[in-house]
Amino acid sequence: METRPDSPPNGRAPSGDGTKKLGKRIEKVGHTAEQVWDRTRDSFSEMGDALDIKGRVHRHPYGTVAAAIGIGYVLGGGLFTPLTGGIVRLGLRIGLRLAVLPLLKQEVAELVEGLEDEDVTTGKRQGARRTRTRGDEP
Amino acid sequence: MEMTEKIEETARELGARVRPQIEEAKRRASALNDSAIGYIKENPGKCLVGAIAVGFLIGKLASRRG
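Chains W and Y, in that order, give the protein sequences. So the first sequence is numbered by my numbering: it starts at -17 and just counts up by one. So the second sequence is numbered by my numbering: it starts at -17 and just counts up by one.
Quick caveat, the hints were computed from the structure, so don't treat them as lab data. Fair warning: there could be bad hints in the mix.
[Unchecked claim] List of simulated lysine-lysine pairs, BS3-like, C-alpha gap at most 30 Å:
hint, chain 1, residue 1, chain 2, residue 2
1, W, 36, Y, 23
2, Y, 42, Y, 28
3, Y, 23, Y, 42
4, Y, -12, W, 36
5, Y, 8, Y, 28
6, Y, 23, Y, 8
7, Y, 42, W, 36
None of these values were measured; they are calculated from a predicted model.
Modelling step: build the complete structure from the supplied sequences, incorporating the hints.
Right, dumping it as structure tokens:
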């Protein structure tokens, strides 16, 4: 029986051209994967530069950690829960107290000053009346 | 008069006894704060990922209870 060198034997993958094509394809896929990896890395580093995470952590270490906890809390689905309601209520109460107390103090101080001034003026008037009435007496 | 003097003396003694402990506690708290800030600055990634994980757990627990 004659065998031809250019035709592949039965049940075997074509050698030569087919292998070359497969190799090229693998190379292409590898190249594309490399490009995707490079792009992802670049975009992540750009995002990091834009957010300036290291700088933020250096400037406000506790604040950044607190913000990260907050992000995790929201991601964990804790946003619309009674705990959030309680925290918000507590914050509002403290904030209102801090904002309103100085105003109330100022108002009360002004009121007291006004009352004192009024007392002084009325006292002077009464004193003047008394001296007048004494002067009229025989 | 005697009573008030006694109370004042007791308060003074108590203050003298407690003051070093308060100073020590302050010093320790300050050292702890410094070391915590140093650790966060040295390992920002770790700390942020850990904080997000902690927040996530708290959020999960809160949503389960709610």
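Going through the hints against the structure:
Between residue 36 (chain W) and residue 23 (chain Y), the direct Cα distance comes to roughly 8 Å. Compliance with the 30 Å bound is thereby established for this hinted pair. A C-alpha spacing of about 21 Å is found between residue 42 (chain Y) and residue 28 (chain Y), which places the hinted pair at or below 30 Å, so the restraint holds. Between residue 23 (chain Y) and residue 42 (chain Y) the CA atoms are separated by roughly 28 Å; this keeps the pair inside 30 Å, and the hint holds. At most 30 Å may separate the alpha-carbon atoms for a hinted pair to count; residue -12 (chain Y) and residue 36 (chain W) exceed this at roughly 58 Å.
Pair hint residue 8 (chain Y) plus residue 28 (chain Y) holds up; C-alpha atoms about 28 Å apart against a cutoff of 30 Å. Between residue 23 (chain Y) and residue 8 (chain Y) the alpha-carbon distance is near 22 Å, which keeps this suggested pair within the 30 Å criterion. Restraint check: the Cα-Cα separation between residue 42 (chain Y) and residue 36 (chain W) comes to about 28 Å, which is no more than 30 Å; the hinted pair holds.
In this structure, the one hint that does not hold is number 4.
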